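Student: Sequence:
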Amino acid sequence: MKIRCVALFMLMLVVMGLVSCDYSDAAYGELLLAEESQEHSGMLLISASGRNVILGTKDKESSLKDRPSMKVEFSYDFYLGKHEVTCGEVQKYLENFSCRDDEQPAVNVTYFDAVLVANERSKAEGFDTAYVYTSAEYDNEGHCVGLVGFAFNPGAEAYRLPTEAEWLLAAKHDWNPQNGWNSENSEYRTHRVCSNGTTTAGFCDLSGNVKEWVNDWLGQLRDTTISNYGGAPDGGLVGERVLKGGSYRDSPENIKLYSRGDIYTVISSMKADYVGFRLAFGKIPDVTWLGRDGLAGNSRVFPLVNASEIKQLIGTYRLKLAFRNDVTGNLSYIDFSGGASTVMEITDSIEVYHPEISPNGRKVAFCTKFEGAGGTSQVYVRDLSVRGTGLVKLDVKSAAIPRWRVLPNGDTVIVYVSDAGVNTNDVDFAKKSTWQVKFENGKFGSPEKLFDGAYHDGISADDRLAISGARLLRARVKGKDEVWYNGEQACNASLSKDMSKRTLFLDFAGKTGQTFVGEKYITHKRLLIADSTGKLVQSISAPDGYTFDHSEWVDSTKVIVSLASSAMNHEKIAVVNLQDSSVTALVDGDELWHPCMWIQHMSSSSDGQGSTLDFDSAGVYYTSKVPFYGLELREKMERFWLRKDSVTAVILGSSRVLFGIDDRAIKSERALNMGFSSGDIPSAHYLFLHYVLNHIKNLKTVVVELSPDFFNSVPELFLKPLLDNAPGYKYDENHDFWKDGVSDSFLDAVSMSPKPFDSFTLYYDPEDFLMPSGQWGRAEVLHDLSWVTLEDLTVQSNFILMRDIVNHAKVRDVKVVVIVTPQNPGYRKTKAFGLYGAERSVAKSIIDTVAAMDVVMFDENKDGLHDYTDEMAFNTDHLSGLGAKQLTRRLDSLLMSLKK
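Everything in the sequence shown is counted per this note's numbering, starting at 1 for the first residue and increasing by one.
For the record, the hints were derived by calculation from the structure and aren't laboratory data.
Note that the structure is a prediction, hence the values are computed from the model and not measured.
Ideal Cβ placement from N, Cα and C applies to all residues, glycine included.
With a straight-line Cα cutoff of 25 Å, these simulated SDA-like cross-link-like pairs (lysine to any residue) come out:
#1 Lys438 with Asp555
#2 Lys320 with Ser751
#3 Lys625 with Glu767
#4 Lys123 with Asn96
#5 Lys644 with Asp740
#6 Lys844 with Ser797
#7 Lys720 with His808
#8 Lys831 with Lys862
#9 Lys311 with Pro543
#10 Lys438 with Asn409
#11 Lys810 with Trp738
#12 Lys311 with Val132
#13 Lys320 with Lys501
#14 Lys862 with Ser897
#15 Lys558 with Asp462
#16 Lys393 with Ala373
#17 Lys644 with Pro766
#18 Lys625 with Leu717
#19 Lys644 with Thr612
#20 Lys730 with Ser797
#21 Lys480 with Leu407
#22 Lys501 with Lys511
#23 Lys720 with Thr794
#24 Lys480 with Gly372
#25 Lys320 with Asp411
#26 Lys58 with Tyr764
#27 Lys525 with Thr134
#28 Lys123 with Gly545
#29 Lys815 with Asp892
#30 Lys393 with Gln378
#31 Lys501 with Asp452
#32 Lys283 with Thr129
#33 Lys829 with Ser845
#34 Lys478 with Val422
#35 Lys700 with Ser668
Label pairs and their calculated CB-CB ranges:
#36 Glu187 with Arg890: 35 to 43 Å
#37 Thr225 with Phe451: 53 to 61 Å
#38 Gly315 with Val537: 18 to 26 Å
Using the sequences and the hints given, assemble the complete structure.
Tutor: This is the structure in C-alpha cells:
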C-alpha cells in the first residue's frame, strides 16, 4: 500500500525545539569513525563499544511511543552506511525495481524489501545472512509484503538494517534538521544522496531526504538502562515497526531525533514515496530484548508465521497455541484468532508444565511436574489471557498431566493422574490412578476415580482405550492393561482426538521402530503412529539437525511438536502434517516445551440464504495484511451489523469525523459513525451503496465528510487494500451483500473475527474513539499544492461518486449533510487548505461544487475562522475529545432542525 494518507490519526504536530533536552553530545564524547571501509563499500565503522545513547524523550507533549527516555549502552562496534541505499544499488538485488535516478535514495520499499536487499548483498559478498525465511509473498508491483517463517539472527556477521539505537548513535552528533532535505528546501521531492552535505561524523541525510527503516519492532521504552538493545521481541498485536529520521516532506521543526514513527501506524508491508533505508553490518552480541511487560531479557520467543499464514497451513486462523517457556517457567501463548501473532506470557511464581487449552479456548489447565517426574504435583486452571486471571487449584493431594474432555452428557471434565512418574514397574504403575473432575463456572467439582494406572495420554470417546507413555507404551484396552511396542522404551504419547484411536509417540531408536522404518535413526528422530491395536502404521522424520519432543495431536491430520537441536535445546515449535510429512516451524526461542494447539471447531450454520457459512471468511473485516485503518473499520462494521435495525443516521468519512463526532451524544437521531482513518470518497461511496442503503431501513440522514484533499484519492489507494486482504468484504459481495438479511450465526462470526487493538499504539479508547487534547500546532503542509487541480481526472471521478451518493439518497428520501471539519486556523496564512492541500482557491471550488449538489452544507472550518481552540485540537487537522463535544453538539442541533 502506498501511503499518502488523508487524515490519519497518529500525527502529533507539536511545536518543539530542534533537539531534545535529553541529548548532550558533550556528555557522550566524540563519535569515533574509521576511514570508509574497503571491505564494506559505502560504510563507516562506528566505534560504539563503551558508548551509550538515549532513546526516546522525557517531553510529556511527545507521542506515547516516544516516552520515556531510555539509556542504551554498547559493547560492540558496527558498520553503518554513509548514506541511504540508492535506487541503483537496490536494482542490483531486486528484480524489476524501477528508478528515476540511480543516485537518489530507494523509496517505496517495504521493510521486507530492505531485508531482501540486505540478504542479497551478504550473499553476494560471501557472508552469512542475518534474516531467514521459508518463502516470500509479493504484491502486484513486485514488492515483498510478507516473509513466511521470518526471523532475525543478531549473531550473524552480515548486512542488516541498523537497530534504532545504532541509528541514533550515528545521528545524534551534529544533528540539525535545518541542514537536511526537508519541506522548506526540497520542492517536495527526493534528492541525490549526499547532495546536501555530510555531518561531522561523516554521514549523509540522517535528518532528511527520506525516513528510514530500522530493524526494530516498536516496543515500549522504559526509564532504565539496557545493553545492546535490539527492540521488542515481536510486533505486538498490530505488528508495528520503527522509522527514524525526517523526509523531504517534513518541516525541520517536526523532525525529532527521538521520534520513532510517522503520521500513520508503520507495519512491515507498508511502502511510501518518502521512506527508504540504509544498511548496517556486523553481529550484535548478547542482544537484549525489552518486552511489553517491561522485562528485559537476552532470550526471546517470537512467532515465525502470522495469522494469514496459519490459515493457509492449518485451514483456519481460529486457533491458539500455548506452551511452556522453559527459560522463565511461565505459560506463553499466541492467539492467532485475534488476527495477530504476538507471543504473550503469563508471569507468576507457579511452574507450568503440560498446558492444555479448554474446549472453548478460554481457559488453560496445567500442572507443576512433567511427564517422567514422579512425586507430588498440582493441577491449576486459569484464564488464557495476558493477566491469567481466574486461577483455581484442584484441591487434591497430587494431580498431573491435565487433559480436557467433554462427556456425552455435555459436562466438561479434566482427566488427570495421581502421579506422572515413569511407568516401567508394573506394581508401582498399578498403585497410581487416573481420575476425572468436572469443571464448570470456573470451579472444580468432586473428583471421581476412573481406574488404576496413570493413563495420562488420553482416553478414547467410548472409554475403551487409554494410553500412557512414560518409558513404556502402556494401553488400557477394554478394561485390560497391555504393553505395546514390544516393551521397548517410548514417551510423549498422545491418543488421537478423532474416532481412529491412533496413538502417536516417540521412541529411543528401538529395534521395532527401525525395522518398521527400514533404517537406523537416533533417539526421538522419528514420530511414530500406531493404530487402535498398537500396530505401527506411519512414521515421519524430524528435519535435518533436529529431533522431536513433546508431541501432541492437533486434529486427525496434524501434530504439534517441539523441535530440539543437536545440543538438545528446544528451539522451535512446529506442526507436522501427517498427509505430506511436512514439518513447519511456528515459533522460535531458546527452550519451548509442551505445546498445545486449540482449534475453534464451529458447527455448520446457515448464512440465512440457504448456504453454509464459511467462518474463516464471514465477517472477517481485518487480517494482518490489512493496513491499520482497516482495524478501525472492522470495529465499525461490527457496530453496523449489530445496530442496523435501529440506526436512522450514518456518518461517513475519515479520521476527522471518526475522532470529531461522538455518535453516542447525538440525541436527534440514532446515529452510527462509520468514519475511519483514510476513509476517502471512494470508501464512503462503497459503504453507502453496498451496506448502508441495503440494510439501514430507517435511514433518514447521511452525513458525508467533505475534505478537499479527498478529491485526489482513488480506490486503489485506500479502499482496494481493504477489499483485497480482508475476506469478509469479498464474502459479502459474493452473497450480494446479504440483501435478503443475515443470520444470527453471521452476526456471531462478525463479533468473533479478529480485532487486535493494542492500547500501546493508540491515543484513544476504541470504545469511543476520542482523542486527548493537544494543540493545533504549526500549519504543516505535506504535499506540493499542485497535486490537486480541478482538471484532474481523479477529482472529476470523485465528484461523480459524490453525486451518486446524493442521487441514491434522494431516491430513498434521505437527506445528505456535507460536513467540513475544523482544521488548523493557521492555514489561513498559507496557500494550502490543510495538511495535504489543496491550494485554497482549488479547495473553495471543490466545496462550492459539492454544495451545489442538493445537499445541506455544514461548514465548521469556515476557511479557518472557527472557534475551536487549541485544547479542542488533537493535532493540526484532528479534534480532541473537547472539540468533538462541540462539533457533535452543533451537528445534533442541525439534525434536529432538519427534522422540523
